[in-house]
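K.L.:
Sequence:
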Amino acid sequence: MPIKSLEETQMSSGIKTAAAMTVGCRLNQADTALIFGRLREAGYEIVGPDTDGPLDVIIINSCAVTASASQTSRNFVRACRRNHPEAKVIVTGCDSEVEKEFWQNEKSVDIYLPNPEKSKIMDYINGPLPKREAANEKIFMENSTGFYPFRCRAFIKIQEGCDNFCTYCIVPYARGSERSRHHAEIITEFGNLLAHGHKEIVLAGVNVSAYRDNSYGLSELLSRLLEFEGDYRIRLSSTEPHKDNIKLIPLMKDNPKICRFLHLPLQHGSDEILKLMGRKYTAEEFAEFAHMALSGIPGLHLGTDVICGFPGETAELFEKSCRFMESIPFANLHVFSFSPRKGTPAADFEDHVLPAEMKDRHLRLEALEGRLADKFLDAQVGRTLKVLIEKVRHDGEAEGWSDNYIRVISHVENAKRNSFADVLIKEKAGKILKG
Numbered sequence: 001m002p003i004k005s006l007e008e009t010q011m012s013s014g015i016k017t018a019a020a021m022t023v024g025c026r027l028n029q030a031d032t033a034l035i036f037g038r039l040r041e042a043g044y045e046i047v048g049p050d051t052d053g054p055l056d057v058i059i060i061n062s063c064a065v066t067a068s069a070s071q072t073s074r075n076f077v078r079a080c081r082r083n084h085p086e087a088k089v090i091v092t093g094c095d096s097e098v099e100k101e102f103w104q105n106e107k108s109v110d111i112y113l114p115n116p117e118k119s120k121i122m123d124y125i126n127g128p129l130p131k132r133e134a135a136n137e138k139i140f141m142e143n144s145t146g147f148y149p150f151r152c153r154a155f156i157k158i159q160e161g162c163d164n165f166c167t168y169c170i171v172p173y174a175r176g177s178e179r180s181r182h183h184a185e186i187i188t189e190f191g192n193l194l195a196h197g198h199k200e201i202v203l204a205g206v207n208v209s210a211y212r213d214n215s216y217g218l219s220e221l222l223s224r225l226l227e228f229e230g231d232y233r234i235r236l237s238s239t240e241p242h243k244d245n246i247k248l249i250p251l252m253k254d255n256p257k258i259c260r261f262l263h264l265p266l267q268h269g270s271d272e273i274l275k276l277m278g279r280k281y282t283a284e285e286f287a288e289f290a291h292m293a294l295s296g297i298p299g300l301h302l303g304t305d306v307i308c309g310f311p312g313e314t315a316e317l318f319e320k321s322c323r324f325m326e327s328i329p330f331a332n333l334h335v336f337s338f339s340p341r342k343g344t345p346a347a348d349f350e351d352h353v354l355p356a357e358m359k360d361r362h363l364r365l366e367a368l369e370g371r372l373a374d375k376f377l378d379a380q381v382g383r384t385l386k387v388l389i390e391k392v393r394h395d396g397e398a399e400g401w402s403d404n405y406i407r408v409i410s411h412v413e414n415a416k417r418n419s420f421a422d423v424l425i426k427e428k429a430g431k432i433l434k435g
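Take the sequence shown: its position 326, counting from 1, is numbered 326 in our numbering, and each next residue is one higher.
If you are wondering where the hints come from, they were derived from the structure by calculation, not from laboratory data. Glycine is no exception: its CB is placed at the ideal position from the N, C-alpha and C atoms. Check before you lean on any hint, since a few could be wrong.
With a cut-off of at most 25 angstroms between alpha-carbon atoms, the simulated DSS-like pairs for lysine-lysine come out as follows [claimed, not checked]:
{"hint": "1", "residue 1": "K431", "residue 2": "K391"}
{"hint": "2", "residue 1": "K359", "residue 2": "K386"}
{"hint": "3", "residue 1": "K426", "residue 2": "K243"}
{"hint": "4", "residue 1": "K342", "residue 2": "K391"}
{"hint": "5", "residue 1": "K138", "residue 2": "K16"}
{"hint": "6", "residue 1": "K391", "residue 2": "K416"}
{"hint": "7", "residue 1": "K342", "residue 2": "K320"}
{"hint": "8", "residue 1": "K100", "residue 2": "K16"}
{"hint": "9", "residue 1": "K386", "residue 2": "K247"}
Label pairs and their computed distance ranges (CB to CB) [to be verified]:
{"hint": "10", "residue 1": "L226", "residue 2": "E288", "range": "40 to 50 angstroms"}
{"hint": "11", "residue 1": "Q71", "residue 2": "S177", "range": "22 to 32 angstroms"}
{"hint": "12", "residue 1": "K359", "residue 2": "G430", "range": "23 to 33 angstroms"}
{"hint": "13", "residue 1": "G278", "residue 2": "E366", "range": "22 to 32 angstroms"}
{"hint": "14", "residue 1": "E284", "residue 2": "R393", "range": "38 to 48 angstroms"}
{"hint": "15", "residue 1": "L226", "residue 2": "P298", "range": "43 to 53 angstroms"}
{"hint": "16", "residue 1": "A195", "residue 2": "E272", "range": "43 to 53 angstroms"}
{"hint": "17", "residue 1": "T314", "residue 2": "A347", "range": "12 to 22 angstroms"}
{"hint": "18", "residue 1": "L226", "residue 2": "L363", "range": "39 to 49 angstroms"}
{"hint": "19", "residue 1": "D52", "residue 2": "V381", "range": "41 to 51 angstroms"}
{"hint": "20", "residue 1": "A195", "residue 2": "K247", "range": "27 to 37 angstroms"}
{"hint": "21", "residue 1": "D52", "residue 2": "K247", "range": "42 to 52 angstroms"}
{"hint": "22", "residue 1": "S295", "residue 2": "D374", "range": "19 to 29 angstroms"}
{"hint": "23", "residue 1": "E413", "residue 2": "S295", "range": "30 to 40 angstroms"}
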């Protein structure tokens, strides 16, 4: 399809502008920031997607984890074309891999940027399109630092891809096999982001527990990053049950710069469904690590993902899963109803759960999530939490997030955005703590 030249879309001032809309996970946010870094190096000004002025380039970083996420990505692309007819619209991300034929023929899109080719965005913008190369090396480089305008928190992409091939999951097909970023480049970007003033750095990947660069695993990488001086903290994004996770417990316990937060997807609390899902652990093995982490790291926020309505989930197995989740003091549950993704084995499974029953189970799990979250928040009252202030309101109240990932509002003397404050928690107000 014809591609607009930059000359046709440049603003009269001569300054090229770019914006992005990101759908999905923290890894997508890290990818978008790396794209921003490359665009800035090429002379672009980064602006918000809701800007009133004209745009030269707008990127939609898509998601395919559910059918709903795919549709959201498509809606964003078409809205961008309507709102910015002068812009060069670029689509990338997981949905661009899963639905290649659709995106290559979508009239709202000027450039289809394959997921493994994000680092070559300037080649795609300037054309002609480069030859696509397979992403099969175990160690990769990004050669850029992510750009996070106006944010206290930044993300570093440390890992990519997945080799688990769970029967319901499209991610291995969208992001390829497991690869880890060279540790020296991660360390450099970490230092750059601290120098830019970011106080919280999130290590992002499909599964950060799978990080491996020769002798560097995740715990070794964390130990190296902790050598940086200054007032900052490190948060881990999603992990998977992994034998090396046990090394994280003493690191989190002994280093207050590592946030007391673990997101460890369970997906189901019965061995029968875990086996059908292709998960590589039993419920008992998951519980053993969860209780070890909770007892070893006081105040730990342990979050998880759970799927209801998976093919073959009987009423008895659903009840079994609920009982299992109630036996572990999770801080939160991310509840998903099973969404068949074309190309995955589970899309062809039989014994589907009826939609009305799936909806009922989803609501029951959300109610369970509310009870578990309330218990976790209640336990924080009377404790002092270290909060990264992200907003100072007109009434003098400061708002931010604790290291164990709770939204906190409190009056703080001489509060400044992007600074830390120790806040004594006095009460719970819904999902918020007040000091």
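K.L.:
Against the structure, test the hints numbered earlier, and report the numbers of the ones violated in rising order.
P.N.:
2, 3, 4, 5, 7, 8, 10 and 15
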